[in-house]
Amino acid sequence: MRMLINSPETVVADALRGMAAAHPELDVDVERRIVVRRDVRGGGRVGVVSGGGSGHEPLHAGFVGYGMLSAACPGEVFTSPVPDQMLRAATAVDSGQGVLFILKNYTGDVLNFEMAAELADEDGIRIERVLVNDDVAVTDSLHTAGRRGTGATLFVEKIAGAAAEEGAPLDRVAALARRVNAASRSFGVALGPCTTPAKGSPTFDLPEGELELGIGIHGEPGRERRPMMTAREIAEVAVGAVLQELDEVGPADGPVLALVNGMGATPLLELYGFHAEVARVLAERGVPVARALVGNYVTALDMAGCSVTLCRADDELLRLWDAPVQTTALRWGR
Amino acid sequence: MRDAEFFGRWMAAVAVSVEREADRLTELDSPIGDADHGSNLLRGFLAVRAALDAGVPPSPGAVLQLAGRTLIGAVGGASGPLYGTLLRRTGKELGDAPEVSDDALRKALYAGVGAVAQLGGAAPGDKTMLDALVPGVAALSTSYRAAAEAALNGALATVPLQARKGRASYLGERSIGHQDPGATSAALLLGALADTADSADAAAPAEDGE
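Protein chains in written order, with this note's numbering: chain A, -18 to 315; chain B, 18 to 227.
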């Protein structure tokens, strides 16, 4: 194992110390593991709190700031945070207008956020929860834990954060977040496994010349293994899978927000090349891309590969997407 | 009858076996999960041990409730709430009696396992910790050792199953052929109970009843 860490036990706390040192505009509680916007207190606005395992950076702490998240609670690597963390985050950002919890559909996140919501309710904080579950590689049935939350988390957090920044009330921020999730679908591909600090070796074996289709964001293998494909072929499969489900939720020729997201170890040179193919496939199918974002946003440590997320966007969602944002990882218009 | 000290020793014994097996649990969690089950449970049970070192609560029920709360606060993921709920609910069922019978513990564990099934929405056969807990608790009516063995067999029997809950469910058929890490750690919990009972009964052979 060659990792730039002190020890597997301290990896999350060390990263938070570094974040605090680099970004004085963030209020980083290393011990309790919450990252809060310094300018959020007394803002009189709905709080937007997200959280999940660490190892997906910049998700979520990198999206704390003006126009996006009020606070984030990072858990251990690939492990959801605990209810106490979420409750503290909610308490830190609540100004009486309530708090929206944004969580991804994984058993641990759901259970811990559920407990946190109960505790917050007992403390008199109004909580709404939005579950992100955009991954088309998983069948949403009684016989799975339901579709995973992946790249759409970025869309949901940005648009909910913009609405909260404008002063929208809690039920409206929550409704928008749910609408974004319902209009978004993702598909991921791995060209290699990742290495968790706790294990110190790759999470699965992927022989040279093969790739995994339908991965999530936790270094787990996908639904299917195939011989290596070109970027063009991967784009056909990924965009095809996403559009097939997306056609059920909106006009087939409506504009989309497009995210080509790196899993952590794939260079931008490849991601942009891949995006060229994604854009080509979408153009061929008559789907206009209203906005595109290419980069490492919802990662899985050092996993190689990428995911494609598309969101059918109307004028309102586009306006909120374009609204100014100032976080460490996403910044425009301000 | 079992007192709070017995339950404290049980939790300490779980910490010891999780410490011993942490790498194996993480290894089992690699091909079908996210390679953190051992390190997460270890963090949790070390916190439980620290909490009990600071003072063992006065009743068996309080010991398990403290352990459960500690796991929820220290572990995260799915195993924190699920193991936390198992111990908290079992502890609540035991109430605040200073000593409990083996029969009362059996009934309380039965309720604890029911709470886990409800929280996780899972059933035996889904390739989860329930595949060890359900047969384990059923065998408690025979003996603690029988329960430990049934739980271990239940964990081994998860190998050919297809996961329907938790992160392994995302792999579909590819989850087949791997032993479930949650069922494996659940077997450790009942194994530690049997070990604790064995050493207590060896020390006090005059104990009546069972």
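It is worth saying that the hints were derived from the structure and are not from the lab.
Computed from a predicted model, the values in this text were never measured in an experiment.
Glycine included, each C-beta is placed from N, C-alpha and C at the ideal position.
Please note: incorrect hints may appear among the correct ones.
Unchecked claim - Pairwise CB distance ranges (calculated): (1) A:250 x B:170: 49 to 55 angstroms; (2) A:-16 x B:193: 48 to 54 angstroms; (3) A:120 x B:118: 55 to 61 angstroms; (4) B:128 x A:103: 53 to 59 angstroms; (5) B:194 x A:253: 49 to 55 angstroms; (6) A:103 x B:70: 26 to 32 angstroms; (7) A:257 x B:177: 55 to 61 angstroms; (8) B:177 x A:233: 40 to 46 angstroms; (9) B:115 x A:153: 50 to 56 angstroms; (10) A:12 x B:22: 38 to 44 angstroms; (11) B:173 x A:120: 51 to 57 angstroms; (12) B:170 x A:152: 46 to 52 angstroms; (13) A:-17 x B:216: 27 to 33 angstroms; (14) A:234 x B:63: 55 to 61 angstroms.
Claimed, not checked - Covered stretches of chain A (in silico footprint by chain B; criterion: 3 or more residues with CB under 8 angstroms from a CB of chain B, positions within the stretch not fixed): (15) 42 to 52; (16) 258 to 272.
Said to hold, decoys possible - Heads up, incomplete: computed chain B residues facing chain A, CB under 7 angstroms, no partners named: (17) 51; (18) 53; (19) 56; (20) 90; (21) 94; (22) 134; (23) 135; (24) 177; (25) 181; (26) 182; (27) 187.
Original post:
Honestly, which of those hints from before does the structure not fit?
Top reply: Of the numbered hints, 2, 3, 4, 5, 7, 10, 11, 13, 15, 16, 22, 23 and 24 do not hold.
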